[in-house]
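Novice: From just these sequences and the hints, can you work out the full model?
So the sequences go chain by chain: B and G. So the first sequence is residues 1 to 473, counted in our numbering. So the second sequence is residues 1 to 473, counted in our numbering.
Bear in mind the hints are in silico, worked out from the structure with no lab data behind them. Some hints could be false.
Same chains, same label: a pair holds when it works inside one copy or across any pair of copies.
As the list claims (entries may be wrong) - Result set (SDA-like, lysine to any residue): computed pairs, CA atoms no more than 25 Å apart in a straight line:
1) 270 x 247
2) 92 x 459
3) 90 x 458
4) 445 x 459
5) 203 x 188
6) 402 x 9
There are 2 protein chains.
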Amino acid sequence: MEQLQRLIGHVIDRANLHLKEPFTDVGPYVRELIPLPSFTRQGAVYAFTGHHPARYVIRESNAAGSYFLGQCVVERSVLFQTDVRGDELKCKGDTVSCSGMKVPVQDHEVIHVRNSYLVNTLVHSNCHDPGSPEVFDIRDTIAMHYANIHGSPIRGSYLGPFATVDLTSVQDSVVGTFSYVQAGELYRERVEDGCVWVRAKDKFECRYTFDRDVLERYVRFKPGGEPGGIIGDFVAQRKSDIDARFDMAEGHPDVPVPERPSVSRFAVVKGNARIGSDVLVAQRAYVEDTVMGDGSNAQENCILVGANLEGRDVTAHGGKIVFARLGKNVFVGFNSFLRGSSDHPLTIGEHSIVMPHTIADLDEAVDIPPRHLVYGYIRNRADLAANTVSLDDLSRCDGELKRGNLVFRGKGAAFVHGFEHRIEHILEANGALFASGHGMGHAQKNANISHSVVRHITEGALQGLHPAMELQA
Amino acid sequence: MEQLQRLIGHVIDRANLHLKEPFTDVGPYVRELIPLPSFTRQGAVYAFTGHHPARYVIRESNAAGSYFLGQCVVERSVLFQTDVRGDELKCKGDTVSCSGMKVPVQDHEVIHVRNSYLVNTLVHSNCHDPGSPEVFDIRDTIAMHYANIHGSPIRGSYLGPFATVDLTSVQDSVVGTFSYVQAGELYRERVEDGCVWVRAKDKFECRYTFDRDVLERYVRFKPGGEPGGIIGDFVAQRKSDIDARFDMAEGHPDVPVPERPSVSRFAVVKGNARIGSDVLVAQRAYVEDTVMGDGSNAQENCILVGANLEGRDVTAHGGKIVFARLGKNVFVGFNSFLRGSSDHPLTIGEHSIVMPHTIADLDEAVDIPPRHLVYGYIRNRADLAANTVSLDDLSRCDGELKRGNLVFRGKGAAFVHGFEHRIEHILEANGALFASGHGMGHAQKNANISHSVVRHITEGALQGLHPAMELQA
Numbered sequence: 001m002e003q004l005q006r007l008i009g010h011v012i013d014r015a016n017l018h019l020k021e022p023f024t025d026v027g028p029y030v031r032e033l034i035p036l037p038s039f040t041r042q043g044a045v046y047a048f049t050g051h052h053p054a055r056y057v058i059r060e061s062n063a064a065g066s067y068f069l070g071q072c073v074v075e076r077s078v079l080f081q082t083d084v085r086g087d088e089l090k091c092k093g094d095t096v097s098c099s100g101m102k103v104p105v106q107d108h109e110v111i112h113v114r115n116s117y118l119v120n121t122l123v124h125s126n127c128h129d130p131g132s133p134e135v136f137d138i139r140d141t142i143a144m145h146y147a148n149i150h151g152s153p154i155r156g157s158y159l160g161p162f163a164t165v166d167l168t169s170v171q172d173s174v175v176g177t178f179s180y181v182q183a184g185e186l187y188r189e190r191v192e193d194g195c196v197w198v199r200a201k202d203k204f205e206c207r208y209t210f211d212r213d214v215l216e217r218y219v220r221f222k223p224g225g226e227p228g229g230i231i232g233d234f235v236a237q238r239k240s241d242i243d244a245r246f247d248m249a250e251g252h253p254d255v256p257v258p259e260r261p262s263v264s265r266f267a268v269v270k271g272n273a274r275i276g277s278d279v280l281v282a283q284r285a286y287v288e289d290t291v292m293g294d295g296s297n298a299q300e301n302c303i304l305v306g307a308n309l310e311g312r313d314v315t316a317h318g319g320k321i322v323f324a325r326l327g328k329n330v331f332v333g334f335n336s337f338l339r340g341s342s343d344h345p346l347t348i349g350e351h352s353i354v355m356p357h358t359i360a361d362l363d364e365a366v367d368i369p370p371r372h373l374v375y376g377y378i379r380n381r382a383d384l385a386a387n388t389v390s391l392d393d394l395s396r397c398d399g400e401l402k403r404g405n406l407v408f409r410g411k412g413a414a415f416v417h418g419f420e421h422r423i424e425h426i427l428e429a430n431g432a433l434f435a436s437g438h439g440m441g442h443a444q445k446n447a448n449i450s451h452s453v454v455r456h457i458t459e460g461a462l463q464g465l466h467p468a469m470e471l472q473a
Numbered sequence: 001m002e003q004l005q006r007l008i009g010h011v012i013d014r015a016n017l018h019l020k021e022p023f024t025d026v027g028p029y030v031r032e033l034i035p036l037p038s039f040t041r042q043g044a045v046y047a048f049t050g051h052h053p054a055r056y057v058i059r060e061s062n063a064a065g066s067y068f069l070g071q072c073v074v075e076r077s078v079l080f081q082t083d084v085r086g087d088e089l090k091c092k093g094d095t096v097s098c099s100g101m102k103v104p105v106q107d108h109e110v111i112h113v114r115n116s117y118l119v120n121t122l123v124h125s126n127c128h129d130p131g132s133p134e135v136f137d138i139r140d141t142i143a144m145h146y147a148n149i150h151g152s153p154i155r156g157s158y159l160g161p162f163a164t165v166d167l168t169s170v171q172d173s174v175v176g177t178f179s180y181v182q183a184g185e186l187y188r189e190r191v192e193d194g195c196v197w198v199r200a201k202d203k204f205e206c207r208y209t210f211d212r213d214v215l216e217r218y219v220r221f222k223p224g225g226e227p228g229g230i231i232g233d234f235v236a237q238r239k240s241d242i243d244a245r246f247d248m249a250e251g252h253p254d255v256p257v258p259e260r261p262s263v264s265r266f267a268v269v270k271g272n273a274r275i276g277s278d279v280l281v282a283q284r285a286y287v288e289d290t291v292m293g294d295g296s297n298a299q300e301n302c303i304l305v306g307a308n309l310e311g312r313d314v315t316a317h318g319g320k321i322v323f324a325r326l327g328k329n330v331f332v333g334f335n336s337f338l339r340g341s342s343d344h345p346l347t348i349g350e351h352s353i354v355m356p357h358t359i360a361d362l363d364e365a366v367d368i369p370p371r372h373l374v375y376g377y378i379r380n381r382a383d384l385a386a387n388t389v390s391l392d393d394l395s396r397c398d399g400e401l402k403r404g405n406l407v408f409r410g411k412g413a414a415f416v417h418g419f420e421h422r423i424e425h426i427l428e429a430n431g432a433l434f435a436s437g438h439g440m441g442h443a444q445k446n447a448n449i450s451h452s453v454v455r456h457i458t459e460g461a462l463q464g465l466h467p468a469m470e471l472q473a
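Specialist: Dropping the structure here:
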C-alpha cells in the first residue's frame with residue numbers, strides 16, 4: 001500500500017499549501033482515518049444512462065465504494081464512499097447567464113477532482129461560477145464525512161463533517177463541522193462550527209449559529225475519528241446496510257429489488273415502505289417503514305424512518321426524517337435531522353421550508369404550520385415559536401428580523417421567492433412533476449441505468465489504487 | 001441496437017473479404033445467432049493480479065459475459081461469453097527463439113482482437129509466431145461456440161464449433177466443426193469437420209478423422225444455431241450454472257465461495273467436490289462430485305462430473321471427464337469428451353495422454369493402461385485396442401503407423417518427447433509443481449485476483465455496445 005500512503009501524503013501536502021494559521025495541517029484529520037484494507041474492499045461504481053453524457057477518467061487515485069454518474073475526471077485523489085453525481089452538469093450548447101449576458105457552454109461540463117480527499121462526501125449539481133462554465137473544479141481540498149459540495153467549485157479548503165457548501169465558490173477556506181454556507185463566494189474565510197449562513201449580495205443575509213453544547217451533543221468530532229454524537233451515531237447505525245449494497249455489487253448476497261426503477265439499487269428500502277410514482281430514491285439513501293408519496297424524493301445520505309411524505313416533498317442531500325408526517329410540497333434542507341417519535345410525532349404543514357442543517361429532536365409533539373420557515377434547534381413547541389417564521393411575515397421583512405439565534409437582514413421577499421423558485425426547480429429536476437406534463441427528471445432518466453464496478457488493485461506496487469481508467473459512452 | 005447490428009454486419013463483411021469458394025459467407029452463421037437483448041444482459045469482466053501486466057482497451061465492441069486477464073485490445077468486435085486469458089503472454093525482456101537466434105521482446109505482449117466475432121471461445125497462451133513477438137493478433141475472424149484459439153494468431157478465418165487451433169498461424173482458412181489443428185501454419189486451407197491433425201515440419205505428421213455419422217451424433221451443427229448432438233447438449237445442460245456466475249457478478253444471488261483461492265469465482269464447483277492444493281480451476285470450468293488431487297487442473301469450459309483425478313492431471317481447455325478415474329500425470333487434450341458411468345467406469349493409467357478431441361463414450365468398462373496414447377472414438381475395449389498405442393511403441397516408430405482411423409508418419413520419438421515436454425511445461429505454468437519447489441504458476445498467482453465488471457450501454461444511440469474503455473494497472 002506504499003503508493004496509496006504516498007497518495008494520502010500528497011493530498012495532505014496540497015491542502016496544507018493553501019491553509020493559514022491557526023488551521024495549517026489537515027494531516028491529523030485524514031492520515032490514519034481509513035484503515036488501509038478498507039481501501040480495497042469496495043470497488044468504484046460507474047453509472048451509465050442514455051440521458052447523460054458519460055466519461056470517467058481516473059488516475060493515481062482511490063475511489064473505494066464511491067459512485068459516479070456523468071462526466072468526471074479524478075486525479076491524484078482519494079474518494080472514499082463518495083458520490084459524484086453529474087446528472088445536472090451543463091451540456092454543450094447550454095448557456096450561462098451573468099450580468100445580463102448569455103454565454104454558450106462550449107463542451108459538456110465535467111467534474112474535475114484533483115489532489116483531494118473526500119470521505120462520505122456528496123458532489124452534485126453544476127458549477128455555479130459563471131467564470132467556469134465547463135469545469136466544476138474540486139482541488140487541493142479535504143472534505144470530511146457527509147459533507148456536501150453542491151454546485152460549489154472549491155480549492156485549497158477544508159470542509160468539516162456534515163458541512164455543506166452550496167452554490168458558493170470556496171477558496172483557501174475552512175468550513176466548520178455541521179456548517180452550511182450559501183454565500184456566492186468564500187475567499188480565505190473561516191466559517192465557525194455549526195453556522196448556517198445564507199447570503200445573497202445586496203439582497204439579504206441570514207445567519208444562525210448552534211450553541212456549542214448543542215453541537216457537541218449532536219455532532220461530536222475529533223481529528224482522525226469518525227463523527228459521533230446523536231447524529232453521527234444515528235448515521236453510523238445504518239451504515240452497514242448501505243455498505244452491503246456496495247458489497248453486493250461485487251457478488252455478495254442481495255436484498256430484495258426495489259419496487260420502482262427510480263429507486264437506486266444502491267439505496268436501502270426496507271420494512272413497510274411504500275414508494276409512489278415519480279419518486280426518486282438516490283444511491284446511498286435509506287428508507288424504512290416510510291410512505292413516499294408521488295413525486296417525493298430521498299437524496300444521497302438521506303435517512304427516512306417511519307416517515308410519511310404526502311407528495312412532492314423534497315429531502316435534500318443528507319436530510320433525515322424520523323417519525324414525521326409531511327404535507328405536500330415540504331422542503332427539508334441538507335443534513336437536517338428531524339426526529340419525532342410515536343409518542344411525540346412531528347408534523348409539517350404543506351409548503352413549509354425546513355432550513356438546511358435544522359435539528360428538530362422532539363420531547364413533545366410539534367406541529368409546524370403550513371408555509372412556515374423553520375430553522376435551528378427545536379425540542380418542543382416553545383422552541384418552535386422561537387425558531388419559525390411564516391413565509392408571509394418573512395416576505396414582508398425589509399430590514400432586520402431576529403428570532404432566537406437567527407438574524408435576518410435585507411429583503412425577506414427576495415429570500416422567500418428565491419427559495420420557492422429553487423424548490424420548484426428541484427422538483428422538476430427530480431422528475432416529481434412528470435405526471436403533470438413536465439419533462440423527464442432524474443426519476444425517469446434513471447429507469448434503464450446500468451452500473452459498472454471497477455475494483456482496486458489488490459497486490460503489487462500499485463496495491464490500493466484504482467486502475468488508471470478512461471471509460472466513455 | 002442499431003450500432004450493434006451495424007457492428008455485426010461489419011465483422012461479417014471483414015471475414016467474408018478473406019474467404020473463397022465454396023465457403024464465402026459467414027453471415028448465416030452469426031447474423032441472428034445471439035438474441036439482441038442477450039448482448040446487454042452480462043457485463044465484461046476484467047481481472048487484475050499483481051503478477052500480470054494488465055491493460056484493457058475496448059472500442060466499438062460488445063463483450064457480453066466475456067472474461068479478460070492480461071493485456072488485451074478489442075476493436076470493432078463481438079466477444080460473446082468468450083475468455084481471453086493473457087496470463088502466458090510474453091513480457092518485455094523475454095526472448096523468442098527462431099532458427100537458433102534469440103530475439104528480445106520489446107514490449108509486454110498484447111492480445112489484439114479486431115473485426116472479429118467470437119462466441120464462447122477461448123483465447124489463451126501467447127503468439128507462437130516468432131515474427132510477431134509482441135502482438136497476438138486475432139483479426140477478421142469468426143469463431144463459433146467452444147472454439148479454442150491457443151497461441152494461434154489468426155486472420156480472415158472461420159473456426160467451427162468446438163474447433164481448436166493450437167500453436168498455428170491461421171490465415172484465410174476454414175477449420176471445420178470439432179477439428180483440431182496443430183500444424184505450424186495454415187494458409188488458404190480448408191480443414192474438414194472432425195479432423196485431428198498434428199504436424200511438425202520435417203519430423204512427423206499425425207492425422208485422425210472422425211466418421212461423419214459419429215460426428216453428426218456428437219456435434220450436430222447448422223449455421224445460425226447452437227451446436228447440438230451429445231456433446232453440444234451435454235455442455236448446454238450445464239451452461240445456466242456457468243451463466244449464473246457471470247450474472248452474480250452484477251449482484252444476483254451467489255453460490256457458496258470456492259474452497260481455494262485458485263478456484264475462480266467464475267467457476268462452478270458443486271456437489272461433493274474435493275479440491276487439493278495447487279489446483280487450478282479456471283473461470284467457466286464446471287466441477288461436480290469430483291476429486292481433484294494436488295496439482296490437477298480444470299481449464300475454461302472443462303466439465304468434470306463424478307471424476308477422480310489422482311494428482312498433476314491436466315485437463316486442457318474444453319476437456320470433459322465423466323465417471324472416470326485418472327492416475328497421476330494424465331493429460332486430457334482440448335475438447336475431449338470422456339464419459340464412463342457408474343456401471344461402465346473409465347480408468348486411465350498414469351502418464352497416459354488423451355489426444356485432443358478424443359471421444360470415449362463407454363458401453364462397457366474400459367481401462368487405459370499407463371503410458372499410452374489414446375485418440376479417436378472409443379465405446380468399448382475393442383475400440384480401445386484400435387485407438388491406442390503405448391508411448392514406448394510410438395517412440396520406436398520411424399516411418400508410418402496406422403491404427404484404426406489414425407495415420408502417423410515420421411519420428412514417433414519426436415512426437416512423444418514433444419508432447420511430454422509440453423505437459424511438463426503446462427504443469428509448471430499452472431502451478432501444479434509449486435509444492436515441489438518450482439516457481440508460482442497460475443494457481444498461486446491468482447490468489448489475490450480482483451475482478452471489475454463493466455456493463456454494456458442499455459439505451460441511447462450506443463445501446464448494446466461496451467463503453468469505450470482503457471483500463472490499466
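Novice: How would you classify residue 270 and residue 247 at a CA-CA limit of 25 Å: within, between, both, or neither?
Specialist: both (17 Å within a copy, 24 Å between copies)
Novice: If the cutoff is 25 Å on CA atoms, where do residue 445 and residue 459 land: within, between, both or neither? Let me know, please.
Specialist: between (38 Å within a copy, 10 Å between copies)
Novice: Given a CA cutoff of 25 Å, do residue 402 and residue 9 count as a within-copy pair, a between-copy pair, both, or neither?
Specialist: neither (45 Å within a copy, 72 Å between copies)
Novice: With identical chains, the pair residue 203 and residue 188 could be close in the same copy or across copies; at 25 Å between alpha carbons, which is it: within, between, both, or neither?
Specialist: within (23 Å within a copy, 81 Å between copies)
Novice: Are the CA atoms of residue 92 and residue 459 at most 25 Å apart within a copy, between copies, both, or neither?
Specialist: between (41 Å within a copy, 20 Å between copies)
Novice: With identical chains treated as interchangeable, where does the CA-CA distance between residue 90 and residue 458 reach 25 Å or less: within a copy, between copies, both, or neither?
Specialist: between (36 Å within a copy, 23 Å between copies)
Taken one by one, the earlier hints fail for this structure only at number 6.
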